[in-house]
Structure formats: C-alpha cells, structure tokens
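Chains as they are written, first to last, in my numbering: chain A, 84 to 361; chain B, 17 to 289; chain C, 10 to 290.
Simulated from the structure, these hints should not be mistaken for lab results. Incorrect hints may have been included.
Lysine-lysine pairs mimicking DSSO-like chemistry, simulated, CA-CA at most 30 Å apart [what the hints assert, rightly or not]: (1) Lys104(A) with Lys191(B); (2) Lys191(B) with Lys140(A); (3) Lys132(C) with Lys212(C); (4) Lys97(C) with Lys20(C); (5) Lys243(C) with Lys141(C); (6) Lys20(C) with Lys197(C); (7) Lys244(C) with Lys97(C); (8) Lys191(B) with Lys20(C); (9) Lys281(C) with Lys20(C); (10) Lys132(C) with Lys281(C); (11) Lys132(C) with Lys117(C); (12) Lys97(C) with Lys212(C); (13) Lys243(C) with Lys212(C); (14) Lys141(C) with Lys191(B); (15) Lys243(C) with Lys281(C); (16) Lys132(C) with Lys97(C); (17) Lys197(C) with Lys244(C); (18) Lys191(B) with Lys197(C); (19) Lys191(B) with Lys117(C); (20) Lys243(C) with Lys117(C); (21) Lys132(C) with Lys191(B); (22) Lys20(C) with Lys244(C); (23) Lys243(C) with Lys197(C); (24) Lys212(C) with Lys104(A).
Letter by letter, the chains look like this.
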Amino acid sequence: MSAVAETLVRRPPKRGESFFKNQVVRAIISIAVFIAFWELASRLNWPWVGQAPAPSKVLDAWLPLLNDQGYWYSWYQSSRRVLSGFIAAMIIGIPLGLAMATSRVFHDITFPVFEILRPVPPLAWVPAAIIFWPTQELSIGFVIFLGAIYTIVLNVVGGARSIDVRYFQAARSMGSSSWDIFRRIILPGVLPSIIVGCEVGIGITWNVVVAAEMISGGGGAIQSSAGGGLGFFIWNSYIGFSYPLIVVGMISIGIAGWISSAVIRRLGLLVTPWLRVR
Amino acid sequence: MYRLGRWLTSPTPYLMLLGFALFFGAWYLLSEVFKVWRFASLPGPHQVLVEWFNPNPVYGMSLYTPQYYMHVWMSVRRVLYAFVISTALGVPFGLFLGWSRNFRDFTFPVFEMLRPIPVLAWVPLAIVMFKGDESPVIFLTTLASFYATALNTMLGVRSIDEAYPRAAACLGASKWQVFRHIIIPGALPFIFTGLQISVGVAWFSLVAAEMVSGEYGLGYLINASYVNVQYPVIIIGMISVGIVGYASSALVRLAGDYLMQWRVRELALGGGR
Amino acid sequence: MNAAALQMATKGAIRIQNVDKIYDPAGAAVQAVSDCTLDIRAGEICMIVGPSGCGKTTLLNAIAGFHDISGGAIYLDGEMLCGPDRPKAEPGPDRVVVFQNGALFPWKTNLENVAFGPVMQGKLSWSAAAEKARGMMADAGLTGVEHNYPGEISSGMRRRVEIVRALMNDPKVLLLDEPFRALDSLTKSVMHEALLEIYYRNKVTIFFITHDLEEAIFLGHRVAIMTTRPCRPKKILEVDIPHPRNYSVLTSPRFRALMEETVSAVHEEAVKAFEAGEKEM
Chain A
84 MSAVAETLVR
94 RPPKRGESFF
104 KNQVVRAIIS
114 IAVFIAFWEL
124 ASRLNWPWVG
134 QAPAPSKVLD
144 AWLPLLNDQG
154 YWYSWYQSSR
164 RVLSGFIAAM
174 IIGIPLGLAM
184 ATSRVFHDIT
194 FPVFEILRPV
204 PPLAWVPAAI
214 IFWPTQELSI
224 GFVIFLGAIY
234 TIVLNVVGGA
244 RSIDVRYFQA
254 ARSMGSSSWD
264 IFRRIILPGV
274 LPSIIVGCEV
284 GIGITWNVVV
294 AAEMISGGGG
304 AIQSSAGGGL
314 GFFIWNSYIG
324 FSYPLIVVGM
334 ISIGIAGWIS
344 SAVIRRLGLL
354 VTPWLRVR
Chain B
17 MYRLGRWLTS
27 PTPYLMLLGF
37 ALFFGAWYLL
47 SEVFKVWRFA
57 SLPGPHQVLV
67 EWFNPNPVYG
77 MSLYTPQYYM
87 HVWMSVRRVL
97 YAFVISTALG
107 VPFGLFLGWS
117 RNFRDFTFPV
127 FEMLRPIPVL
137 AWVPLAIVMF
147 KGDESPVIFL
157 TTLASFYATA
167 LNTMLGVRSI
177 DEAYPRAAAC
187 LGASKWQVFR
197 HIIIPGALPF
207 IFTGLQISVG
217 VAWFSLVAAE
227 MVSGEYGLGY
237 LINASYVNVQ
247 YPVIIIGMIS
257 VGIVGYASSA
267 LVRLAGDYLM
277 QWRVRELALG
287 GGR
Chain C
10 MNAAALQMAT
20 KGAIRIQNVD
30 KIYDPAGAAV
40 QAVSDCTLDI
50 RAGEICMIVG
60 PSGCGKTTLL
70 NAIAGFHDIS
80 GGAIYLDGEM
90 LCGPDRPKAE
100 PGPDRVVVFQ
110 NGALFPWKTN
120 LENVAFGPVM
130 QGKLSWSAAA
140 EKARGMMADA
150 GLTGVEHNYP
160 GEISSGMRRR
170 VEIVRALMND
180 PKVLLLDEPF
190 RALDSLTKSV
200 MHEALLEIYY
210 RNKVTIFFIT
220 HDLEEAIFLG
230 HRVAIMTTRP
240 CRPKKILEVD
250 IPHPRNYSVL
260 TSPRFRALME
270 ETVSAVHEEA
280 VKAFEAGEKE
290 M
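The shape of chain A in the complex, shown without the other chains (with noise of 0.2 Å):
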C-alpha cells in the first residue's frame, strides 16, 4: 500500500534511483545510521543519549554470554512467567469476555465493576498482591493476570458486538441451536479480535514481567531473591554498574518479546484462515 502522497504526484525514476527506492535498502541504510549516530554520541560523550554506552561496548559484553547458561536461563525465567500469566489471563479472560457478550445480564452485573477497576495500572496492584498471596510468584502471576486481562475481555466483548447480527439471523433461519450459533457463528466471529485482543495483551505482559523482576531485584515491595529473569538481569547489571548489559538485557527481552508476537500473530493465522485472503 503506497503512502498517501505517492498517489497525487509521480515523475518517471531516473536511472539508478531504484536501488534506493527498495524498502529493504532503506531499512538497511536507517538502522545502520542509528547505529553509527549512537555510536558517536556515546564516543563523542553527548549529553543524554550519548551518556548511554556504545553499541561496539554492548556487543563486546554480549558475544561471550551467548555461551554462558545463567544467562539463557534468564531467558527461560521470563518466558515462562509470561507464558503462564498470559495462558491464566486467557483461560479466564475469554470465556469472562463471552459470557459477558452473550448474557445481558451478566454483563450488566460484572461490567460496571470491571470499569471502575480498569483505570488502575497494574502494577498498582502490586503491594496488595503480595500482602495477599502468599508466594512471590503468585503475586507476580496475578499482577500480569491483571494486566492481561483487561485488554483480553475488552476486545472479546467488542468482538462479538460487532459480529454483523444478519449472520444470526441467517443461521435462526436454517435452524440453528443456540449451541450450534455459539459454536459457529460467535466463536469464529470472535477469533480476530482475540488475536488482537492476544496481541496488544502480551505486550502489557512483558511490561508487567520486567517490571516485577525489576522491582525483586530493586528492593521496595519484593524483597526475596526468587526472582531471575531477564528483567531482573538488567536491574542487576545496572546496580553492579556494568552498564552495556543493561542494553544487553533490553535487547533481549525485545527479541524476546517480538517472537511472542510474531508466534501469536502466526498461530492467529493458523485459526483463521479466511482472513489470510484480503
């Protein structure tokens, strides 16, 4: 799809120009000259973004702990906890999200309270996680279960709103059960908006992971140290002053983070395969 602009004014390309018109190209020659300014900032020693440590520093303190297993281990560490969190939110969080958009009544009872809880961010919640639960990993768990959720149940009843009420009047028409509508006419028309739903909520989860393994390994409301993980990696790297593993670290769960996405956005084309077709 062509920008906005490309469609009013077009002049025939002069020879050559298409190299650089190539998106690849493009991509190529933008991050490698953000990598090249970072680089100079940080020799330069610029204030602000040169004050954060080079790119040549942040691959010489990542090459040798591709090898080291305490480092892989972290990797394991937030990945599982955001996998758990995020299959609780969903295990929960989709069939909330139906019935509240089948059953006007559940939904008139739960939604409002649903609502005024929203607007606290999740790590809010923190505190009064872990006065209640009595593990750690619980409090974290349900502090991304919160965070999750949100997004889950939000989408899953905007979804089912907007399947077009013709399809159920078509599938009453032909005979359809009210079990045979949910199955097939509710479900699939929910799918994309899971997907979405999926999507923008694993997002939160890493945020969530990060910063509760952060606040374990920072003091404040965690205090043990059964925490671990990546975003733990990066508080201690920080307090130990070996600042180009704090890049380190960010990259990594950036990596991570983006083949969650990338897994989720796959397995919701695998769900839908009407949708792979535009």
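Dock chains B and C against the given chain A, drawing on the hints supplied.
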C-alpha cells in the same frame, strides 16, 4: 430526560448496583468481618474510606492532608509534561509516517526495531542517561505515550479513504493543502483514540517508574506505604490513581468531541459511513 | 429551454487512443483495458456502460490522473494528458471527478466543501467563493443546508452538493463514476432530472460510468457499451432523442427501440463477467 427515564425502568442500573454490592460486600465481609484466610491482612473498604475521609488520619494521608494532594499533583504534573511532549512529537511524526513513503521507509525500521522493548525495561538506562530525579520518569512516560500516539496517528492517516485526497487533487489542491485540509482532519478520529490510549499508557508507565525510582508521586506513595506497613494508604493510592487516570482519559475524549463536531452530529443522527 | 442553452460547449473533447492498462505487470498481470479507442465529443454526455469490474473505472482514473496507463495515449482538446513519455496525467480542476461513494469532506460544512476548489487554487478569496457557492447551491435547490455537515443531509442532496462542488471550478469535463449507484431508484430518478438541469445550465462534457442501461440511454447523447475485462468499446449507440429531456422519455417508443437494440449486447457481456467470477478491481 427520556433516555434517563427509560434507563431507570430497565434492569440495567439495578444489575449494576447489584454488581457493586456483590463486589464491595464480598471485600468487606472477607477482610473486615469474617477475616477469611489471607483477606485478614488486606485493608477492607470501610477501613480505607474511614481513613481517606479522616480529618486526622492515622497514617497521615487523607483528603484533608496537603501531603496527599502533593503526591497527586506530582504524578499529574509528570503525566502532563509527558503527554504534551509525546503529543507534540508523536502526532507530526505519525502524520508524516502515514503521508510520505520516503519518510516512512527511512524512519519506520528504527521505530519498529525499538518498539518490542518494553517501556519499563528502559528504566535503568533512563536513569543512566538522564541524571536527576524527574527526567528519567518523564522520559519513560513520554516514550510510552509517544509510541501509542505515533502508531495510531499513522493508522489514522492510512485509513483515510483514498477518494478524499483524490477529490482534493481534482479540485486543484497542492500536496501541502491536501495534508492540511484532508489528512489532518481525516486522521483526527484515530489521533484522538491514540491520545486516549496514550494517556492510559502514560499512567501505566508513570506508576511503574515511580515505584522503582521516584520520590513523591502516587506510585511512590503506594510503594512506600507498603514498606512502612501503612496498608490502607496503599488502597487510597490505588483508588486515587484510578480516579485521576479515568479523569484524564475523559478529558481527552471530551476535547476530541469538541474538535470533531461533525462526527458527533453524524453519529447522533445514526449515520456515518 | 431556449436554443442558446442547448448550444454545445466547444471544449472538453477527449480522445482515448489505443489505451492499455495492465495492473501489477510483474505479478498477477491483470489486463484491465486492452487497445481501447474512444472519442468523446466536446460538450456531450457520454455514457459508459458495462458489467462491474470490467475496467471502466480504470479508464476514468486514467483520464483523471489517478493511475498511469501501460500503453496508448489520452488527449484532452488536442493536448496530451498521458501517453508514452508521460504514463500518468496530473489530476486537475479541468477534469473533476464525482465519486461512487461520495467524497464530500465530512469535516467541512457543505458550503466549505463547495467553495473548496477555487479557494485552494487561489482563484477566489474565501468570501467571493462563498458567495458564488451560495448562488450555485441555490440554483441546484440546495438553499438552507450550507452550514450543515455532509453527514447530516440525505444522500441525494450530498450527490448534488458534490456535483456543484465540481462545477464551481468551471471544468472542461465532469467525470462521474457511477455516482447514483448507492441511491434508491426513487431518489435516482429525481437525481437524473437534477443532473440534466445542471447540465443545461453549465455546458460541460460529461463522462458518466454506469451499469444501468436505462440510466445511460435516458441521460446520454451517446452510449458506449464496453466488453468485460479487458475493456474495449463493443458498441456505440447514438441516442437521437432530443434534449431537453424529462422523465416521460422513459416510456416513449424511441426509448424502447433503443433499449431493444442494445440490451442483448449488454446482457452478453454481463453473462461473460458473471461466469468469469472475477473480483471487481
């Protein structure tokens, strides 16, 4: 008035009350009356309300104490700065991303590359880069909001029906005139959705950042009250964040409604394509 | 109507010459238009009829300057709009388009919409343009809705506002892409007469795409029936019913005779398109 009357005769408001009653009732009974299991250590709604409305609060924080408002104001102020900066940067950036393929090809890759990094993972780096107390927190909040605003604005530009800029071109408008008269108003609904999301994201990041590395502010208050074993204040803090967060979203939505009169009227007539 | 009003315009002759258009040449290579040659006389209402998705809109887009062409050339009053050296024309106020689903800017009032063209081109100041706009809207029976938004008025009125917006620019050609498709047939019949009324007042060439044969014969001086994809003129009909026309024309014997002549050609193409089952472009 008619709609209010109709609403009152439907089961909706009563079910809503039932929902609230169940929620607060359960909380109250479990934590203050029966003191079941872990609920015993949780402050109950009655406890919290009494403290919040107490002219002479036990833990020093209530609607009557100036320190409470100071914390609220510190958080609000930070969100305000971050929101203004992120909107001023994010909207034009998003507009150009959607408008010009050249711009997009050269800037979007870097933008997308940094996006998967959770905002809160930036906390230590932000502290290293921006020395001081306020700047890291404001940077983090701005970063989170910026992404939400820019993405939604870009989506808004790309969602504009191509007939509009074409019609404008037929009518003799130059590229810049199309940008000003078609693209910006056309993207406005999405921009405002983005702004509402960005306010929510700002509060999300702010509270987290304050809990980890702040002095003053509602996030800090929630954390500190836990550390100092002043549990009712935790809940007061949570409720306050909720209220202020909701109010800021509502303000953005109202501003949007005001600027997009045409849309409000169109939707009111049950129309709109 | 007097003879002076029926005098034809002298500008706005379009010559479409051996035009080809291939979409996505490197990929799916869909040939929308193939070796199409068509002459549109200055000041006439030329109706283009064909099944959906046959490529008629592609021709309109090429004339308007929204797409390029893969071969051939298009001339307006002897000047080349697009051709071998310049595959894409520049959109401009000499060839204004009225779009199928309407393209009135929803965020501007009707008056602001109508006055948009001259103001953007710098030809008129805002107040002068507004005054001219009010006048033209009044001629088209649109007084009273100047300060409403397009979303607040009926679809029939919206079409009229859009046509007036186009005419404010004194275009040579009015390009109409199935403009009445989304209207119900009752509103449509009123719009036909309104369009003719507007045509008699402002002499422009009209290039009108439709799939409705009745509409085409009722409105047009000539009707070009196009083949299904790839698009090419199959049959050109001279509609010798005299202007000014009104709705009684529909039941006249001459009208019925013209319909008989052409309906089989149109039907043939419609069946071909149906069997091909291609998605509309």
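Evaluated hints:
no. : hint                     : in the structure
1   : Lys104(A) with Lys191(B) : holds, 21 Å
2   : Lys191(B) with Lys140(A) : violated, 45 Å
3   : Lys132(C) with Lys212(C) : holds, 20 Å
4   : Lys97(C) with Lys20(C)   : holds, 22 Å
5   : Lys243(C) with Lys141(C) : violated, 42 Å
6   : Lys20(C) with Lys197(C)  : holds, 28 Å
7   : Lys244(C) with Lys97(C)  : holds, 27 Å
8   : Lys191(B) with Lys20(C)  : holds, 28 Å
9   : Lys281(C) with Lys20(C)  : violated, 37 Å
10  : Lys132(C) with Lys281(C) : violated, 48 Å
11  : Lys132(C) with Lys117(C) : holds, 20 Å
12  : Lys97(C) with Lys212(C)  : holds, 27 Å
13  : Lys243(C) with Lys212(C) : holds, 28 Å
14  : Lys141(C) with Lys191(B) : holds, 25 Å
15  : Lys243(C) with Lys281(C) : holds, 13 Å
16  : Lys132(C) with Lys97(C)  : holds, 25 Å
17  : Lys197(C) with Lys244(C) : holds, 25 Å
18  : Lys191(B) with Lys197(C) : violated, 35 Å
19  : Lys191(B) with Lys117(C) : holds, 18 Å
20  : Lys243(C) with Lys117(C) : violated, 42 Å
21  : Lys132(C) with Lys191(B) : holds, 17 Å
22  : Lys20(C) with Lys244(C)  : holds, 25 Å
23  : Lys243(C) with Lys197(C) : holds, 27 Å
24  : Lys212(C) with Lys104(A) : violated, 45 Å
Against the hints set out earlier in the document, violations occur for numbers 2, 5, 9, 10, 18, 20 and 24.
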